[in-house]
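Chemist: Below are the chains, spelled out letter by letter.
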Amino acid sequence: MSVLERQRARLNWQQENLIQHQPFTYFNENEHFDGAFLMGNVDQGFGELLMGRAMKPDPGFEDGWNGLNYENVSEFEMSCALPRTASGPPAVVADDGKGKEAALSSATGKESFKKRKADTNNIPKVAAEEKSQDKKMKRGAEEDTRITEQNSNSKSTITTANDNNKETPDENSKPSEAPKPDYIHVRARRGQATDSHSLAERVRREKISERMKYLQDLVPGCNKITGKAGMLDEIINYVQSLQRQVQFLSMKLAAMNPRLDFETDNYLAKEMFQVCASSIPAIGSSAESVNPTHLQFNGFGKGVSSCGLEMGANPPDVALRRTISAPVSIPDTLFVSSCLNQIQPLTWDAELQNLYGMEYQQGRSTSFVSQPFSGFIDASHVKQEM
Amino acid sequence: MKERMQNSSLKQEFLKNWIKGLQLHTNFNKNTTILERRKAIKLSADIAIASTRNSTTRWSRALISDASRDGSNKTLIEKISGREAPRKDSFGLIRCSKKIMKRSRVTRQIRARKAVLPSVVGASLIEKKLVKSRTRALKRLVPGGEDMDEISLIKETIDYIVSLRVQVDVMGRMASVADRLIPFKSL
Numbered sequence: 001m002s003v004l005e006r007q008r009a010r011l012n013w014q015q016e017n018l019i020q021h022q023p024f025t026y027f028n029e030n031e032h033f034d035g036a037f038l039m040g041n042v043d044q045g046f047g048e049l050l051m052g053r054a055m056k057p058d059p060g061f062e063d064g065w066n067g068l069n070y071e072n073v074s075e076f077e078m079s080c081a082l083p084r085t086a087s088g089p090p091a092v093v094a095d096d097g098k099g100k101e102a103a104l105s106s107a108t109g110k111e112s113f114k115k116r117k118a119d120t121n122n123i124p125k126v127a128a129e130e131k132s133q134d135k136k137m138k139r140g141a142e143e144d145t146r147i148t149e150q151n152s153n154s155k156s157t158i159t160t161a162n163d164n165n166k167e168t169p170d171e172n173s174k175p176s177e178a179p180k181p182d183y184i185h186v187r188a189r190r191g192q193a194t195d196s197h198s199l200a201e202r203v204r205r206e207k208i209s210e211r212m213k214y215l216q217d218l219v220p221g222c223n224k225i226t227g228k229a230g231m232l233d234e235i236i237n238y239v240q241s242l243q244r245q246v247q248f249l250s251m252k253l254a255a256m257n258p259r260l261d262f263e264t265d266n267y268l269a270k271e272m273f274q275v276c277a278s279s280i281p282a283i284g285s286s287a288e289s290v291n292p293t294h295l296q297f298n299g300f301g302k303g304v305s306s307c308g309l310e311m312g313a314n315p316p317d318v319a320l321r322r323t324i325s326a327p328v329s330i331p332d333t334l335f336v337s338s339c340l341n342q343i344q345p346l347t348w349d350a351e352l353q354n355l356y357g358m359e360y361q362q363g364r365s366t367s368f369v370s371q372p373f374s375g376f377i378d379a380s381h382v383k384q385e386m
Numbered sequence: 001m002k003e004r005m006q007n008s009s010l011k012q013e014f015l016k017n018w019i020k021g022l023q024l025h026t027n028f029n030k031n032t033t034i035l036e037r038r039k040a041i042k043l044s045a046d047i048a049i050a051s052t053r054n055s056t057t058r059w060s061r062a063l064i065s066d067a068s069r070d071g072s073n074k075t076l077i078e079k080i081s082g083r084e085a086p087r088k089d090s091f092g093l094i095r096c097s098k099k100i101m102k103r104s105r106v107t108r109q110i111r112a113r114k115a116v117l118p119s120v121v122g123a124s125l126i127e128k129k130l131v132k133s134r135t136r137a138l139k140r141l142v143p144g145g146e147d148m149d150e151i152s153l154i155k156e157t158i159d160y161i162v163s164l165r166v167q168v169d170v171m172g173r174m175a176s177v178a179d180r181l182i183p184f185k186s187l
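First to last, the protein sequences are chains A and B. At position 184 of the first sequence the residue is numbered 184 (this note's numbering), and the sequence of numbers has no breaks. At position 132 of the second sequence the residue is numbered 132 (this note's numbering), and the sequence of numbers has no breaks.
Hints in this document: simulated from the structure, not taken from any laboratory. Among the clues, some could well be false.
As the list claims (entries may be wrong) - Here are the simulated DSS-like cross-link-like pairs (lysine-lysine), alpha carbons at most 27 Å apart as the crow flies:
no.	chain 1	residue 1	chain 2	residue 2
1	A	K224	B	K132
2	B	K39	A	K252
3	A	K224	B	K139
4	B	K129	B	K139
5	B	K42	B	K20
6	B	K155	A	K224
7	B	K20	B	K39
8	A	K224	B	K16
9	B	K42	B	K74
10	B	K139	B	K42
11	A	K207	B	K128
12	A	K252	B	K16
13	B	K139	A	K207
14	B	K74	B	K20
15	B	K39	B	K16
16	B	K155	B	K42
17	A	K252	B	K74
18	B	K39	B	K74
19	B	K39	B	K139
20	B	K42	B	K16
21	A	K224	A	K252
22	B	K129	B	K155
23	B	K16	B	K155
24	B	K132	A	K207
25	B	K74	B	K16
26	A	K252	B	K42
27	A	K207	B	K155
28	B	K132	B	K155
29	A	K224	B	K128
30	B	K128	B	K139
31	B	K139	B	K155
32	B	K128	B	K155
33	A	K207	B	K129
34	B	K20	A	K252
Note that the structure is a prediction, hence the values are computed from the model and not measured.
Take the sequences, apply the hints, and build the full model.
Modeler: Structure below.
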């Protein structure tokens, strides 16, 4: 147990150290290493092994790993820094062994949709997913620039660090440089051209892929698609469908109402409260359609009371409806609309101001909503007594 | 949770703007066909959602400027956005110049393509073509997208999608309430 404790302590230490540098999300293989470590190597004085690996690139490690090429120390550090639960059983490690060399040569740009952190990185996956990810990034051009601009999009500083994920293992790379204002520091990777064009190109590609990840979260059903072209297709379809929805809804609204002013007068306040209340989870949305109706009644003296009296619904029924959030019965709304039609728009403006003021005070809206309700009950009670 | 808070304030602002615009319409339209009404509703909604951005995003600016091209919408825009409708000229000139640049680029590409004809079209080439054509399609969808480079296009798309969702949400609620309150023709 002491070994495990030591391991945990070291993991935490490394995590704290590296988290300032915003470590990448890392190789799956490394994660699997974690799992394998936990399961397979406890007896071997695992703590020392871990430490040894953390300290220097340790070729001696390879003995236990059947020639797996895992990268250098810093990568491992960074992978440990992410508190990933050991996901892979040792069997997966074996798979990684096969797939890793192949995966290394291909670039991937996946999985970060799971980890919505400031660091975006592309993790070469196991060989099964390799093909789909080929589309996203060019072969052999793994992206490893860290971008902190997610946190402050407008800033131009980008701290980057390198990820020597090429076929040549055991390279030491330093952690990222400190961010300097107005400079984009990108370190060239081994085997990559170092001229400014390709570096800038890489930064640009990284930006694009990072933003595509946001889009992946936005567009439903985009999680499974990993290619740029496929995702663009989904995005296009989604935007088109949203636009068509807007068209359809505006047609629906136009069809419903013979007159636009009718619509605005009646639905204005109701909608306000609907929208207000949507942010308050306690109140059901359809219940709101009941309450604003009553609210209007309270707002306009005579016309209101007459309308309220004409309501066919019993107060207990309405109360019931409120709790079970069932829609208001049709006869109610008919009377509502006919009554409110007589009310001049001018009075509505004054009410509008009040309502606009109300809508921003979410705390008040609950009590506000309940008050008119009770007022309505009183009015209808009065009528029924008569 | 935080998103929901942000979203609800967005929805409120959109609703407010939209209703302001609708009220304007009711003042001067009494007998209109359904298509005209639909157009008016949609226009108010579009300008309303664009003005929630306060000209910080390109798509919102492009949307408002497109709407202001038609002179009859001027009062609507001013009422909703609370500020002067943008002059057409500035956006138009920029767009013209960009179109000229694009045309010259396209002719250059055509010439280059004719010079080199690959005998075997690889997968990556197909991929690139697909991406290009889809990017073009996306540019056509997003208002003002034609002039954007790829990075800002994606950023604008994100913002545009969020705003569209707000629009659809609020309009849907309005429609559902209207459903319940629909007056029978006999009345």
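Chemist: What are the numbers of the hints that this structure violates, sorted from low to high?
Modeler: The structure conflicts with hints 8, 21, although it agrees with all the remaining ones.
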